[in-house]
Amino acid sequence: MNIRAISARRLILIAALLLILTATACAPVRQGTAWPDVSLDSQKNIVVAYENRIDVVNPATHLRIPLLNEAGEIRREDGSSGDVLDWELAGSWPQGDSNVRSLFYTAPVFLNEDTFLITDYAGYLLRVDYPTARIERSVTKIEGNIVADAAVDAATNALYVPLSEHDVVALDMENYDTRWVFETERGIWSQPLVIDGIVYFTAMDHHFYAVDGETGEQRWSLDLEGASAASPLYDAENERFYVGTFASKIFEVSLAGEILSQYETEDWVWNTPVLQEGILYTADLSGYVYALNTEGGLSEVWKAKATSAGIRPAPLVSGGYAVVASRKGQVVWLNQADGSIVFEQDVDAEVLSDILLIEPGEPSTINEPLVIISTAKNSRLLVAFSLEDSNQRWVYSR
Amino acid sequence: MWDLIINPFVTVLTLMYRIFNNDIVLAIAAFTVIIRLLTSPLLIQQQRSAKAMQELQPKLKALQEKHKNDREKLAQEQMALYKENGINPLGGCLPLLIQLPILLALYSAINHALGASPYQLIDLSGRLLLPGLDSLVPLGDTWAGMNLTRPPTANPTYALILPLLVLVTTWLQSKLTLPAPPPPSGDGKPDQAAQMTRSMTTIMPLMFGFFSLQFSVGLGIYFVVSNVVGIAQYTLMGTAEWGRLFGRDPKPKEITSVTPSTTEKRGKRSDPVGFTPEKANGTDTVSNGTMTKSLPSGGTPSKKTKASKKAGAK
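Chains as they are written, first to last, in this note's numbering: chain U, 1 to 398; chain F, 1 to 314.
Everything labelled a hint here was simulated from the structure, so no lab data went into it. In this text, all values refer to a predicted model and were calculated from it rather than measured experimentally. Where is the CB? At the ideal position from N, CA and C, for every residue including glycine. A portion of the hints provided could be inaccurate.
[What the hints assert, rightly or not] Label-pair distances were calculated between CB atoms; the ranges are: (1) P8/F / N69/U: 58 to 68 angstroms; (2) N22/F / T61/U: 51 to 61 angstroms; (3) E264/U / R244/F: 55 to 65 angstroms; (4) N22/F / E77/U: 54 to 64 angstroms.
[Said to hold, decoys possible] Under 8 angstroms between C-beta atoms, here's a sample of chain F residues computed to sit facing chain U: (5) D23; (6) Q46; (7) S117; (8) Y119; (9) G126; (10) S135; (11) V137; (12) P138.
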């Protein structure tokens, strides 16, 4: 009896330890690299690039758009009689003796309505015929990984590609030759901005850079005290930037690279703030949402704890609301004026991608503004809500 | 629960990074040393327990033989034997179980802190418990021309030395700390557990060498430092058998505590835990209820026997 009692105690102890061990060993070691990138094409279709595929979804039907043949007709299985073929792009590239699956985390760069360029994670730059989803050719291979969108400067016919490890590469869009490479200490995880021939970008090495687009020479650099993984917002009217950092600060920076003012947040800021009527809206990874007055330096209008989990994307500000989505899948409509919570929804998956707004009207056939939330869960890749009443409208799954 | 373990680890690792002037390799090395030192009492306890258990093996085998048809009786006898010899049968594995989550957490902390991808970095957010450390993120990922977030195969060729170092240090640690071989069982067959332990000495280094080919260079560095510190610890504890590297197995260890079990004492005294001179292959003697067994070196039966006057006395 005594032995049994001792054994029971030991069994409980072993079970507890095994539980700790299992919890440790099964701790969330996330697979993959980055979250879906969502953008809109000229027809207000949603382009979602995630993992090995790019899908184009019609927000009115919440189905993929039909694939066309070279004559511009809808393609069907078995020639002309089968089901309509949907638009999707997937690929793999030869590497050594085997093929490596392509991974997409960036938005397409449309050259015109029928052609776009897209980078894959391994550094391939692809040129794609949009209606037919055919890869025309692999334009070039850049040495490095890519997790952020490239930027085009039509004036100088240049494409600026940020690499996740060290460089920004400038390519000539005539022949895709490299014009210059600008090296930083760490990678660039955000899309560069091009203003009057100057390329502006933030880097993981804590700096904000301004580089001459023609020569690749540095104009200035500014220490932001922490890494920055989001593009700066440019206020053209007042000629200044707003940039968030992992040092839990928002900086107001002049075109000459001087800090004009700053505001301390509760946690890392990993988004490009939104500016509307002089008020800057942003959110942080503690779940706080901020509305800051930009007149005479950054000052707080309101600050609200909107969710229990971190908020990666910037708030979507429209219709009197600031809509935010959290890492726990909470989607919250805040009153734009005072930050009070108006509606709450749940998408049942982590949200890290930027939030899209699709307004009704040509060419789209939707009849209300839709808030598009993208999650890292393929079964809930896109979730659409009504901006006005917060009700869920549809879900797009892979 | 996971966060309670991993967050302090990530914080201390980042603090080390600051202390060592943003040198990530020194930070990993220092952090690994600290963790190994903090867990050394557990290691010592585990070694002691394992040693005691090893010394008790002949008696346990004898008990198993004697009570092979009565599991309940066997359990009672075993518990009594443990109690009399002051051994906790779980004393060997509990410290190991406690250490494993710590080592796994250390592994994960390094993985998180390097923040090689957006997913890894966003999972790092909120884990730094001390103010001011956020500004260090992401930690430096380059050392000696190698990108620590990438596997050796995606680094300069000389990075391949790291998996080799992992393999060599893992093998060395296993070789030095291999338990002394127990004697063959009564039927002359080699001990299966010992055989398994020996084959692990070959498998584990190969496995870890292979892992470090696939994992990031930063984790390879952790494996090497962890192994080197482990070897140093075993050496300081006197349990590392360096002679093995030169073909010398450890000296035989004598078992002297042979007390009849409590249950045996209560009832009529039977054969001392199943040993008979025939079974004992000439190495066991029975003397006044006291059995003494001399563990042979390299599996060779020892001719030396020694009776304890104290142990086993009624």
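Here is how each hint holds up against the structure:
Under the hint 58 to 68 angstroms, the C-beta atoms of P8/F and N69/U, about 60 angstroms apart, fit the expected range. Between N22/F and T61/U the C-beta distance comes to about 53 angstroms, which sits within the given range of 51 to 61 angstroms. At roughly 60 angstroms, the beta-carbon separation of E264/U and R244/F lies within the given 55 to 65 angstroms, and the hint holds. Judged by the Cβ atoms, the range 54 to 64 angstroms given for N22/F and E77/U holds: they are separated by roughly 58 angstroms.
Annotation: D23/F was flagged as interfacial toward chain U, and the flag is violated, the nearest CB pair being 14 angstroms apart, outside 8 angstroms. Hint status for Q46/F: violated, given a least beta-carbon distance of 13 angstroms to chain U, over 8 angstroms. The beta carbon of S117/F is positioned within 8 angstroms of a beta carbon in chain U (closest approach about 4 angstroms), and the interface hint is therefore held. Interface hint at Y119/F: satisfied, since its Cβ lies 5 angstroms from the closest Cβ of chain U, which is below the 8 angstroms cut-off.
For G126/F, the interface hint holds, since its Cβ comes within 8 angstroms of a Cβ in chain U; the closest pair sits about 6 angstroms apart. Taking 8 angstroms as the C-beta cut-off, the interface hint given for S135/F holds, the closest approach to chain U being about 5 angstroms. A distance limit of 8 angstroms between C-beta atoms decides the matter here; for V137/F the minimum to chain U is near 5 angstroms, and the interface restraint holds. Proximity of P138/F to chain U holds as hinted, the smallest CB-CB distance being about 6 angstroms (cut-off 8 angstroms).
In this structure, the earlier hints numbered 5, 6 are contradicted, and the remaining ones agree with it.
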